[in-house]
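Chains A and B, in that order, are what the protein sequence lines are. Here the first sequence is numbered in the UniProt record's numbering, starting from 1 and rising by one per residue. Here the second sequence is numbered in the UniProt record's numbering, starting from 1 and rising by one per residue.
It is possible that some hints are incorrect.
[Stated by the list, open to error] Computed, partial: chain A to chain B, Cβ under 7 Å:
1) A58
2) V87
3) R89
4) L101
[Stated by the list, open to error] Capping the alpha-carbon separation at 20 Å, the derived lysine to aspartate or glutamate pairs in DMTMM-like fashion look like this:
5) K92(A) <-> D149(B)
6) K92(B) <-> E93(A)
7) K92(A) <-> D203(B)
8) K92(B) <-> E146(B)
9) K221(B) <-> D102(A)
[What the hints assert, rightly or not] To spell it out: a stretch of chain A is covered by chain B in this simulated footprint if at least three of its residues, at any positions, have a beta carbon under 8 Å from a beta carbon of chain B; those stretches are:
10) 90-97
11) 147-155
Keep in mind that the hints were calculated from the coordinates and are not lab data. Glycine included, each C-beta is placed from N, C-alpha and C at the ideal position.
Protein chains: 2
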Amino acid sequence: MDDAALDTMTARDRVDLLHQEIRDRICLLDYLPGSRLSETELAQEFGISRTPLRRVLARLEDEGLLRSVHGVGTMVTDVDYAELAQVYRLRKELVLLQTRLDPVPVSDALLARVRAILQRAEGLESAPSAREFMRMDRDMFLALLELTDNAPLRQMSERLYFRTARIWLQQVTASHIDLMQECRIYAREAAEILNALELGDLDAVGHIRRAHISLSFARMKG
Amino acid sequence: MDDAALDTMTARDRVDLLHQEIRDRICLLDYLPGSRLSETELAQEFGISRTPLRRVLARLEDEGLLRSVHGVGTMVTDVDYAELAQVYRLRKELVLLQTRLDPVPVSDALLARVRAILQRAEGLESAPSAREFMRMDRDMFLALLELTDNAPLRQMSERLYFRTARIWLQQVTASHIDLMQECRIYAREAAEILNALELGDLDAVGHIRRAHISLSFARMKG
DNA sequence: TCGAGGCCAGTTGTGCACAACTCTGCGCAA
DNA sequence: TTGCGCAGAGTTGTGCACAACTGGCCTCGA
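Model the full structure from these sequences, guided by the hints.
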């Protein structure tokens, strides 16, 4: 993260950037569920005082990624199975809305982004990396989110996505899921999505993604 | 608001309560869109310092109800038509999910609550009050939200509801909508919902509400 | 008369010290 | 030995003073 640029921005942008940074660390399991974060240490690392940092942590707490307890500490939350299932059921519905509600014409720029992501997916097949997989899936998610112009839908989908994104990585790390196989599946899925996008069939995109979410969840159960 | 009880609760509960209180003031137009709130005055009113109050304001800002600008002030946001339309389109979809996703059996307690609300609605027909209408609609919304056990869906629906709830009140205040007529319509709608609930037809509840939301938005356009 | 520049009151943002609270570990008594 | 209590370190929560910033007013010069 580019700490030097933190000085030139406005306060709100700093909060957004720090929020994104810490959120990514949680989702990439740099901070494991249950582990404790130190407000003092984080403030020192980012070169700010606890006050503005606490605003970032409060937001992450509202989003369900952190939990602060007075006198104890700030812990990274864990996600239990019931909660995970609820999120996935809701995401399966929202992904359909993302192509039905206030749809945006598919731009060449978006197609190019998805093609680039497909290439990354194919690259991962020969050199699997769980972290890179996570980043790639995140980028794909954010790219496809631009298919809708509905701002509240975008915001909610994003919150939900990051709420449970780390579970997949946890399962891979614990060898409950086979990374190699996931990479193969993902490359095929990305190709499917790109194909539907190129045909301009947004409805198909939605249902393809819905199926992928459902299957991904099914594989995680094991 | 019961300020005396603020002392005995934990910090988190205080934040939740203050958040709810200020949110209601915004939604009931005690704080008009565009008006400025003073952090100092609010802190004094609630008998706390600016620090914990600012956490509440930050949350309201994340929810889109406030907007703080450094050196200028904290303003109540206004809702433009495009945003309103987006929220309503999304709410029309979510209201269907509220009865389809993780449905909860209809309890007698819930039926009793809805019956009580129906009585309030009928009472308002003879003595219309925009503020009471708002509170009643909010209570109905929160009651029906218990039809689903899906926590993320509840949270998001709630955020969306309070995001634009004040628009209706604004339109009534500006006489763009006829309060008397709205009260009549609402009593009928509440009866419809109660009827479907008593029959245990959750799918019907969802679609009835969807229609109501759509019609309510249509009346607001004028 | 008009315009530019700066001063001032008022606001949000930040840093820091302390209060409130929890948990661990040690000592002491039964 | 075991249980209780207490003290201390460490953490989040709060209050307060000041920094950073904005917008309007006022002054001064052309």
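Against the structure, the hints:
1. Evaluation of the A58(A) hint against chain B yields a held restraint, the C-beta minimum of about 6 Å falling below 7 Å.
2. Nearest Cβ of chain B to the Cβ of V87(A): about 6 Å, under the 7 Å cut. The hint holds.
3. Hint on R89(A) holds. Least Cβ distance to chain B is approximately 6 Å, under the 7 Å limit.
4. Proximity of L101(A) to chain B holds as hinted, the smallest CB-CB distance being about 6 Å (cut-off 7 Å).
5. This hinted pair checks out: K92(A) and D149(B) have alpha carbons roughly 16 Å apart, not beyond 20 Å.
6. For a cut-off of 20 Å, the pair hint linking K92(B) to E93(A) stands: about 13 Å separates their Cα positions.
7. Restraint check for K92(A) and D203(B): the C-alpha separation of about 19 Å stays at or below 20 Å, so the hint holds.
8. Of the pairs offered as hints, the one joining K92(B) and E146(B) holds, with about 17 Å between alpha carbons and a cut-off of 20 Å not exceeded.
9. Only pairs whose Cα atoms come within 20 Å are accepted, and K221(B) paired with D102(A) is accepted, the gap being roughly 19 Å.
10. With 3 residues bearing a CB less than 8 Å from a CB of chain B, the region 90-97 of chain A meets the requirement of three and the coverage assertion stands.
11. Using a Cβ-Cβ cut-off of 8 Å, 5 residues of the region 147-155 of chain A lie near chain B, which meets the minimum of three, so the contact claim holds.
When held up to the earlier numbered hints, the structure conflicts with none and fits them all.
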